[in-house]
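Peer 1: Here is how the chains run, residue by residue.
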Amino acid sequence: MIKRILIVDDEETLTFSLYQSFILSKYPYEVVTAGSGEEALQKFNEKPFDLVITDIFLPGISGLDLLKYIREKLPQAKVIIITAYGSEEKRNEAMRNGALLYVEKPFDIIEFKQKVMETLE
Amino acid sequence: MSKHFEKRKQAAMAVNRMYSAPTMLNVVDSKEYRELKLKYEQLRQRYEELEKIYGFHKAVLQNLTSGILIVNMAGKIIFANRSALDLLGYEYLHLQGKPFSFLFADPDEGVEFTNRLVKEKARFKSRETYFLTGQKNVIPIGLTTSSFNEIESQQIKGFIIHFSDITVQLDQRRQLERMERLATLGELAAGIAHEIKNPLAGMKAATQVLQESFTPDDFRSQLVTRILREIDRSNDLLSRFFDFTRPKKPVQEFHDIEMLIDGIYLLLAPRLKKKKIRFSKAFENNLPRVFVDASQIEQVLMNLFLNAVDAMPDGGLLKVETRIISRAVMQEGHQPVRAICVEVNDTGVGIAPENLEKVFNPFFTTKSSGIGLGLSISNRLMVENGGKLEVESKPGEGTTFALYFPVIEEKVHERAQV
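Residue numbers (this note's numbering), protein chains in the order written: chain A, 242 to 362; chain B, 65 to 482.
Just chain B, same shape as in the assembly (with noise of 0.2 angstroms):
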């Protein structure tokens, strides 16, 4: 864009010299003299006049939040905002005069899309895809397409592709998915438990009756004793499970998170040794406090530390480190706040691509024992505190689950008051 500036100074330079040559041959009261400065000055304002109008022109599009490229008919790029090139990370040099295509996370998808733009003219509308960008990051992207018309004949010439980074927007739809899911099993679970409590009593209160008729040395009473020794068995599974689908409203306070992760690892210390884990930590100094019920919080970490050790049968690294970020990782609806991440790293087995969503379905599971609660109900928690929970795994390299918890001020006497 500043080449097109420049080619531009010069000509005005260049007018202006031409138009000011008579002054210095001392010409200055000729009629040629005067007439040629009036149009000088006629031209130098209507000059001004187009550069105001390219320069409104240009800081509409530069100054669009929205990522801006247009292809022509060949498919190939001829122009691309600031934001365009921000969130692609990309210099215009690099993307000019190459295939729209070649942005495409997949390339397929890229020949395919540009074909049906180009020589079918078709228009897209909020297609969701996926760009790699200059630093070989794929990113989400929502975009929209029209075209590009000359003002006036009404000809095409190509095609505008207005988009932006749908991260967020994911994310979002992503953790409503998870909690929908959820919820949907939480009434289940409700119900069914409920459902079997209904004959457990029956059956409790039957047997009970029929202890009452033998005497304590009598074997049938041994054997009654065991049969309501298991539906109590049955009813506390019952209710645990109850519990673990539908958990208690968060009682928030002011929590040192560094305490809290000390506490789960002391716990889980003699574990962790037998099983040849190493652990390391890295805790940022001076972090915040996180506000959130510290029991929940303690079962989301224990729910990670012994997923973690799960996935390292054969011994690993579990690395649990603290750091504040400032990116807007909340939800919607809240001013993009700093937030405290804890990273939960092992180097486990992995997850393999297909299942990293899955993991969050309540009874997903790929190990023999265990039911496929753990996940969904930490993510569950984190939200109800207010936070939430990400996974990045590399089969065979290991995995890492990151807690975010919004930064939240303390008031100074709350401070003084613990």
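In isolation and in its complexed conformation, chain A is listed as follows (with noise of 0.2 angstroms):
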């Protein structure tokens, strides 16, 4: 079965460039972007994703909200949380409630992508 990506962030270049990045893999992904937590609930609950990357700070609910919200919904869906705005709290909070992986941005996507498939393969 083809794994469902999901990538919001209200920065239009990275979901963009994840985008690009994820179709052009030897896998063949289906990825959906999103700009905001509620836009990317929306698209959670009409179809729900292997997996789920998303920012911290979003317009309206926040990315830890979102994985807060999609690992009680769907406990076998994998979070990875990005930030620029990175720190040993919010790390923690992150892995505290389940998030797959915490990484700071920018981050080199060619590791990022590696670390996806392993996950999603």
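One thing to keep in mind: the hints can contain errors.
As the list claims (entries may be wrong) - Using C-beta positions, here's what the derived DEER-type ranges look like:
1) GLU359/A - SER285/B: 23 to 31 angstroms
2) LYS345/B - GLU352/A: 46 to 54 angstroms
3) GLU359/A - PHE428/B: 44 to 52 angstroms
No lab work stands behind these hints, which were simulated from the structure alone. Glycine included, C-beta positions come from ideal geometry on N, C-alpha and C.
Hints are included, so try docking the two chains, each in its own frame, into the full complex.
Peer 2: Below is the structure:
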């Protein structure tokens, strides 16, 4: 079955680049992007995703709230937190709430994609 | 004051002699003698009571830790208590009859102040100014005035000036202001750093996707690699700047301050040599160890040494001295403890007086290269390690930075473990 990835960030350059990168990868991922927490929730509720990559600071509900919601609703879904406002507290909060990875921006997209593929395949 | 006492004593002895005279004349039994004797007893008792009251009032005035000066309506000093004399470094004879304005560090201010006090009968409350001591030191003073009225007539006879040395308070206020300036900067920096990291993340991702679309020998791939390198460099700068303005909580342990100084000196020795700067050190023997985060204090020393180097473009002498002082130099709320003082002294260009406090401002710099954070951060690191940083400078002669570390007793077992 084709794996579904949701990328949530209000930085369009980032979501678009990640989208392109996953589309071009050797696995046929289905990639969807969202610019806010609400949009992400809506898309997730329409049809669940195997992996959600989300920023913390978003317009509307935060990435950490999104993480909690998804992990409760669908425990097998994996969530990766990406943030430019990195701190130990945020990292701990993310990991405590079941995040798979916590990545500080900017990050190496090639390494990042590698980790995502390891997770999904 | 003792002169006054001497006079009274002599008067009392004279009275005693006068009333004792009849005894010598052997008129012990006469009526006059008994009456005189009674009067004498009454007088003596009254005299002793007055002496007691006088002594009490005198003790109160003299034992006040605040300085008390009284000036008459002509603005001349007519009284100074012990604390006032100690603070000002004068004997009473030097002050008696002198115009009050003579104590001010700024003579014009002194004249104006005295005029307002005496002529306009203005009241001053918690007024801050500077006095010049007998040793020609300028000390910051906080003073409050009240009128000096005759008890019965309530007629105004002069003015009481109640004052104290506010060096410690000013120091604390200055420290607080320095910290506040840096805290504001830290928040600003954190905000900006993060805001820039977001677009950097987008740029990096987009560039890497682009890079993957070129073959490695394509010249466009090389250009893209360069863009990536610049993005990483910008990010690195931001991260360093961020760490710089928000230092980590100190991990304090006992360290030998001389070892820290020597370590920094060894790192910088080649540079000092190249710049024709001689290095001298004078370490006091058996200094207690300081309780600090070594890497943070090394950063402070490094900053101060590098500033000294920059201040001496034509060479000079960099001198480091350590000593122990017992002055109460630490923060309020803490017991006045002994402190270890490290002075870093250069023979460089010096700092203009108007810039002396500004050197602790974030982004204040007089150098063409440099962002002006070194001293601001150093000050913060010193405070976070329980110490403080002070500066003195004479343009054209050089600058001295003094680091103060509180002496903290090491427990015996801790010592044994090391």
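Peer 1: Against this structure, judge whether each hint is valid.
Peer 2: We went through each hint and held it up to the structure:
Between GLU359/A and SER285/B, the C-beta spacing of about 26 angstroms keeps the proposed range 23 to 31 angstroms intact. Checked against the hint of 46 to 54 angstroms, the pair LYS345/B and GLU352/A passes, with Cβ atoms roughly 49 angstroms apart. With their beta carbons about 50 angstroms apart, GLU359/A and PHE428/B fall inside the hinted range of 44 to 52 angstroms.
Hint compliance for this structure: every hint is met.
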